[in-house]
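A.B. asks: Heads up: the sequence lines are chains A and B, in that order. Our numbering puts the first sequence at residues 1 to 113. Our numbering puts the second sequence at residues 1 to 115.
Simulated from the structure, these hints should not be mistaken for laboratory data. The reader is advised that the hints may include incorrect statements.
Result set (DSS-like, lysine-lysine): computed pairs, CA atoms no more than 30 Å apart in a straight line [as the list claims (entries may be wrong)]: (1) Lys52(A) / Lys3(A); (2) Lys105(A) / Lys7(B); (3) Lys7(B) / Lys65(B); (4) Lys3(A) / Lys65(B).
Between beta-carbon pairs, the in silico distance windows are [stated by the list, open to error]: (5) Pro39(B) / Thr56(A): 32 to 38 Å; (6) Pro7(A) / Ser84(B): 31 to 37 Å; (7) Gln42(A) / Phe61(B): 19 to 25 Å.
Not the full set, but computed from the structure, chain A residues with beta-carbon under 8 Å of chain B [claimed, not checked]: (8) Tyr32; (9) Gln42; (10) Gly43; (11) Pro44; (12) Tyr46; (13) Asn100; (14) Leu101; (15) Ile102; (16) Phe103; (17) Gly104; (18) Lys105; (19) Gly106.
Given the structure is predicted, the values throughout are model-derived calculations rather than measurements. Think of the CB as a built atom: it goes at the ideal place given N, C-alpha and C, for glycine as much as any other residue.
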Amino acid sequence: DAKTTQPTSMDCAEGRAANLPCNHSTISGNEYVYWYRQIHSQGPQYIIHGLKNNETNEMASLIITEDRKSSTLILPHATLRDTAVYYCIVRVGYGGSQGNLIFGKGTKLSVKP
Amino acid sequence: SAVISQKPSRDICQRGTSLTIQCQVDSQVTMMFWYRQQPGQSLTLIATANQGSEATYESGFVIDKFPISRPNLTFSTLTVSNMSPEDSSIYLCSASRGQGVYEQYFGPGTRLTVT
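Using the sequences provided together with the hints, build the complete structure.
C.D. replies: Rendered as structure tokens:
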């Protein structure tokens, strides 16, 4: 069963912030939220991950709700090169098969000029 | 980060033949994985390539069909055996420096078409 729910697709205007939601209502205390993206014809690219605090790096910000049942990935100034499929993945923070990255269907983000 | 290369980048093969895909990482990594991405679909984990021991396969994937080798900490191969058109997919190699929270890096993929 899928651990996350994401919208199938979203549009965003170039230069505006892209806010990609993810629902993970069954997340457990030892599970992290990861975001990857896959630009067409390329392998997936790591974006960011978090446990319960909000996180920011050079690519994006991750906002996790206090109850950890949902999160939002924010691309602050989307460009055409951000057009990709974005995957929200929940995984445990330790090894073994439960720590494997399991990809759902993701959100296809289209950034338009 | 880790840079991952795969060979070949693409191939067209006859049904019934086998193809071996190579994955090379530019530095030593602890974990290596193989994924399949069928046309228009998301990624599906095939197996974890274990250094010095047999790979760990996910449900629905078997060693006879997808034998995997991992002779050292920077290299792995995936063979797609006795191919059929249903095996036409992109096969991706992935690696991470540790288990759990470590980032996972992906290669560019090998696009396989079986005729």
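A.B. asks: Sort out which numbered hints this structure fails and list those numbers smallest first.
C.D. replies: As far as the earlier hints go, not one is violated by this structure.
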